[in-house]
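Engineer: Let the hints inform the model, and build the full structure from the sequences given.
As you go down the protein sequences, you meet chains W and A in turn.
Take the first sequence: its letter number 42 is residue 42 in UniProt numbering, and every next letter is one higher.
Take the second sequence: its letter number 243 is residue 243 in UniProt numbering, and every next letter is one higher.
Quick caveat, the hints were computed from the structure, so don't treat them as lab data.
Computed from a predicted structure; not experimentally measured.
Beta carbons: idealized from backbone N, C-alpha and C, even for Gly.
With the Cβ distance kept under 7 Å, some of the chain A side facing chain W (calculated, not the full set):
{"no.": "1", "residue": "L193"}
{"no.": "2", "residue": "P196"}
{"no.": "3", "residue": "K199"}
{"no.": "4", "residue": "R202"}
{"no.": "5", "residue": "G204"}
{"no.": "6", "residue": "E206"}
{"no.": "7", "residue": "A207"}
{"no.": "8", "residue": "A209"}
{"no.": "9", "residue": "S210"}
{"no.": "10", "residue": "A211"}
{"no.": "11", "residue": "G212"}
{"no.": "12", "residue": "L213"}
{"no.": "13", "residue": "R252"}
{"no.": "14", "residue": "A257"}
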Amino acid sequence: MIEAEDITVRFGSRTVLDEVSVTVERGEWLALVGRNGCGKSTLLRVLAGLLPPADGVVRIQGDPLKSLSRREIARRVAILSQSMPPVGAMTVSQLVRQGRYAVRGPLGMLGNGQDAAERTAMADTAVLDLADAQVDHLSGGERQRARLALALAQDAPVLLLDEPTTYLDVRHQLEVLELVRRLQRERGLTVVTVLHDLSQAARYADRIVALRDGVVHTQGPADEVVDAGLLHAVFGVKGRVWLDDLTGKPMCSYDAASS
Amino acid sequence: MIRGFLAVLAVLLIIGSLMLGTPFVGVNRLFAGGIEHIVVVELRAPRLLLGLLAGGALGVAGLMLQESLRNPLAVPELLGVSGGAAAAVTVCVVFGLTVPGAPLLPAVAGAAVGAGLTLLAVRGAVGPEATLLIGAAVSAALQAVLLAASALADSRDQGVLVRYLLGSLTGTDWADVLVVGIALAVVTPLAVLCLPSLKVLRLGDEAAASAGLNAGRARVVVLTVSCLLIAVVVGFCGPIAWIGFLAPQLARALGTASAFWSMVFGALLVVAADLAARTVLYPIELPVGGLTAVIGVAVGILVLSRRRRRVPA
Numbered sequence: 001m002i003e004a005e006d007i008t009v010r011f012g013s014r015t016v017l018d019e020v021s022v023t024v025e026r027g028e029w030l031a032l033v034g035r036n037g038c039g040k041s042t043l044l045r046v047l048a049g050l051l052p053p054a055d056g057v058v059r060i061q062g063d064p065l066k067s068l069s070r071r072e073i074a075r076r077v078a079i080l081s082q083s084m085p086p087v088g089a090m091t092v093s094q095l096v097r098q099g100r101y102a103v104r105g106p107l108g109m110l111g112n113g114q115d116a117a118e119r120t121a122m123a124d125t126a127v128l129d130l131a132d133a134q135v136d137h138l139s140g141g142e143r144q145r146a147r148l149a150l151a152l153a154q155d156a157p158v159l160l161l162d163e164p165t166t167y168l169d170v171r172h173q174l175e176v177l178e179l180v181r182r183l184q185r186e187r188g189l190t191v192v193t194v195l196h197d198l199s200q201a202a203r204y205a206d207r208i209v210a211l212r213d214g215v216v217h218t219q220g221p222a223d224e225v226v227d228a229g230l231l232h233a234v235f236g237v238k239g240r241v242w243l244d245d246l247t248g249k250p251m252c253s254y255d256a257a258s259s
Numbered sequence: 001m002i003r004g005f006l007a008v009l010a011v012l013l014i015i016g017s018l019m020l021g022t023p024f025v026g027v028n029r030l031f032a033g034g035i036e037h038i039v040v041v042e043l044r045a046p047r048l049l050l051g052l053l054a055g056g057a058l059g060v061a062g063l064m065l066q067e068s069l070r071n072p073l074a075v076p077e078l079l080g081v082s083g084g085a086a087a088a089v090t091v092c093v094v095f096g097l098t099v100p101g102a103p104l105l106p107a108v109a110g111a112a113v114g115a116g117l118t119l120l121a122v123r124g125a126v127g128p129e130a131t132l133l134i135g136a137a138v139s140a141a142l143q144a145v146l147l148a149a150s151a152l153a154d155s156r157d158q159g160v161l162v163r164y165l166l167g168s169l170t171g172t173d174w175a176d177v178l179v180v181g182i183a184l185a186v187v188t189p190l191a192v193l194c195l196p197s198l199k200v201l202r203l204g205d206e207a208a209a210s211a212g213l214n215a216g217r218a219r220v221v222v223l224t225v226s227c228l229l230i231a232v233v234v235g236f237c238g239p240i241a242w243i244g245f246l247a248p249q250l251a252r253a254l255g256t257a258s259a260f261w262s263m264v265f266g267a268l269l270v271v272a273a274d275l276a277a278r279t280v281l282y283p284i285e286l287p288v289g290g291l292t293a294v295i296g297v298a299v300g301i302l303v304l305s306r307r308r309r310r311v312p313a
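Structural biologist: Right under this line is the structure:
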């Protein structure tokens, strides 16, 4: 579904990604993990076509991103980025509506009607009750769910999420991750997430890619790659990893920064 | 409630514009014959219509600029658009150049040069703030051109100069209304097509790109279309100041940043200001742009100070 080949990104003289190659299969959930500044958000933006790499090529469904227009990319890939500026006078339903631009085009956006994809996205993220609320007046959690609804309204087969659980309380974190899992299973969505919580990444993702200093350090299924060695090498912490009784997935606890 | 109030206000303003002045024409005589009829039909009606058209166009253009640059101070006066149009027409008048299609074509050309200078300088600069700063500089330069030209002007041209310095609806006839009406009929569908991208642009450039809109390209299209709207108005009425700022602000106060309400407020503002300009210091007639500038600056300061109170720095 997604093939990123030898991606190199430089900001000035700093090399943020150094010949990173990642492949994501159709219907797979891939989690990108690593320390702050390791390049995981940058990689996500490259996959969404928001940041042209200095070198390397990204293919979505076989087509190089460079050969696709912005609208064509948006019909294939939706991304929830880390933050959004204040949007001024705009209700939640108007916000979600903007997700339909890629499909409907400027002419199709002139009408006022709400289509099925908008309603589904709002129902899935439980923001139907907030439909008429002003986006800038929402709490952090409500805002995050509204933004997720905007991304889902694009109805794209690939969903990229940059720390989707930020601003959310424990319950809403679970709800968002469970929702993404349901969409992945029911609609065959291909998902790439940047997640800070390694236990969450291990629990939900089919595969983990750990980045360190702009290169892929380790990749593979969670139960194969998440161990104390990874905590030390990638995150710089001493910690323990055990298998959770309920999910059978690795869980981590962090004891101290390793020297 | 507010909408009903606006509708009543609109009717009052329209009837008032037709009645007030010398001679005063009573409601019952608006459609009677004689000299009063000529005053109403040949002088006041075209002036009223041109005011409505100009105000509506400026309101929509102002909204397009403000929304696309995500800045409530992105007004035609600060982007080199009005300045370019006004300077071009003034130069033509002062140097007695006979240009085909005057004043429309010189105004469009001037607006294109003003906006083009701004856009060209903006290329490579980052963000909406840079656009505004550069636009303000370009506007100042064009204003200087206009002033320099007016220094060379004949005293006969004073009326024309006041129009293009301040904006005025004095001496409007049906031919003006017709040309402006046709020009706006051509540009309006383009403006309507721009409206969806304005909403997407509100999300920020990156989120707009994720949603499938190339923000940079969309912004150039929106700026081009709003320049056309502004050029048409400035070519005939001069730069009626701050309508492009005020109308969207009032629409926002209604809780909507819609083009429709921006158009309504723009039209009503110009007609109200023109009515005041004709009557307040009667028999002296003020340039309408002088009045709107005073109101605009007052509201602008109010908006900025309210914003500061809401969001402590």
